[in-house]
Amino acid sequence: AQKITQTQPGMFVQEKEAVTLDCTYDTSDQSYGLFWYKQPSSGEMIFLIYQGSYDEQNATEGRYSLNFQKARKSANLVISASQLGDSAMYFCAMREGSSNTGKLIFGQGTTLQVKP
Amino acid sequence: DSGVTQTPKHLITATGQRVTLRCSPRSGDLSVYWYQQSLDQGLQFLIQYYNGEERAKGNILERFSAQQFPDLHSELNLSSLELGDSALYFCASSGDTEQYFGPGTRLTVT
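Heads up: the sequence lines are chains A and B, in that order.
Just so it is clear: in the first sequence, position 71 is 72 by this note's numbering, and no numbers are missing.
Just so it is clear: in the second sequence, position 71 is 796 by this note's numbering, and no numbers are missing.
Don't take every hint at face value.
In silico DSBU-like links for lysine-lysine, alpha-carbon gap of 30 Å or less [unchecked claim]:
{"no.": "1", "chain 1": "A", "residue 1": "K71", "chain 2": "B", "residue 2": "K782"}
{"no.": "2", "chain 1": "B", "residue 1": "K734", "chain 2": "A", "residue 2": "K74"}
{"no.": "3", "chain 1": "A", "residue 1": "K17", "chain 2": "A", "residue 2": "K116"}
{"no.": "4", "chain 1": "B", "residue 1": "K782", "chain 2": "A", "residue 2": "K17"}
Rather than coming from a laboratory, the hints here were simulated on the basis of the structure.
Quick caveat, the model's predicted, so the values are computed rather than measured.
Kindly produce the complete structure, drawing on both the sequences and the hints.
Below, the structure is given as structure tokens:
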């Protein structure tokens, strides 16, 4: 069965430094998609970045990059030059199958606090 | 702003009551998903509709039902509410690869 594991319940990072949030996944499908979302204290779920299982390049979106290691089944989120506004809960999620539509399975989340 | 709208933002109701949560997907998106976020269960997929038809079902209770209308908006109906139904309910929509979430409806059952 598909599963997402985020082993870091909480993380601290100094402002302007880079931070890596860990995510490992388990699936028997060859085709799948990996997502990261940010949930600030206000509650909304903000889409950050997407990586397809067949994408050869690691996905990047501004200060966010996804370190995709297929053999290790890991999809870590790297946030560069952390800002105070990055303090939030971060969720890793997976969608199985080759279709562009399908449910997401989420990890338990990592709370990131950025220190000034 | 994700382009997905949800109403109401907050809902407080009593046990045994019935409520309806509403969602409008992003323009052009045919798929709508409902998720529940609670402290003990985390983020759980409830149900998916695609162009008016039910596509997938997750951990959705029999007391809960949903539908997607011809204009593609969706409603999630929760009945015989229990204290444990208190949660944040998200609607999401997708067209291409990404799945975008609405702001959520925070349901409190007292």
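> Checking against the hints above, which ones are violated?
Replying inline: 2 and 4
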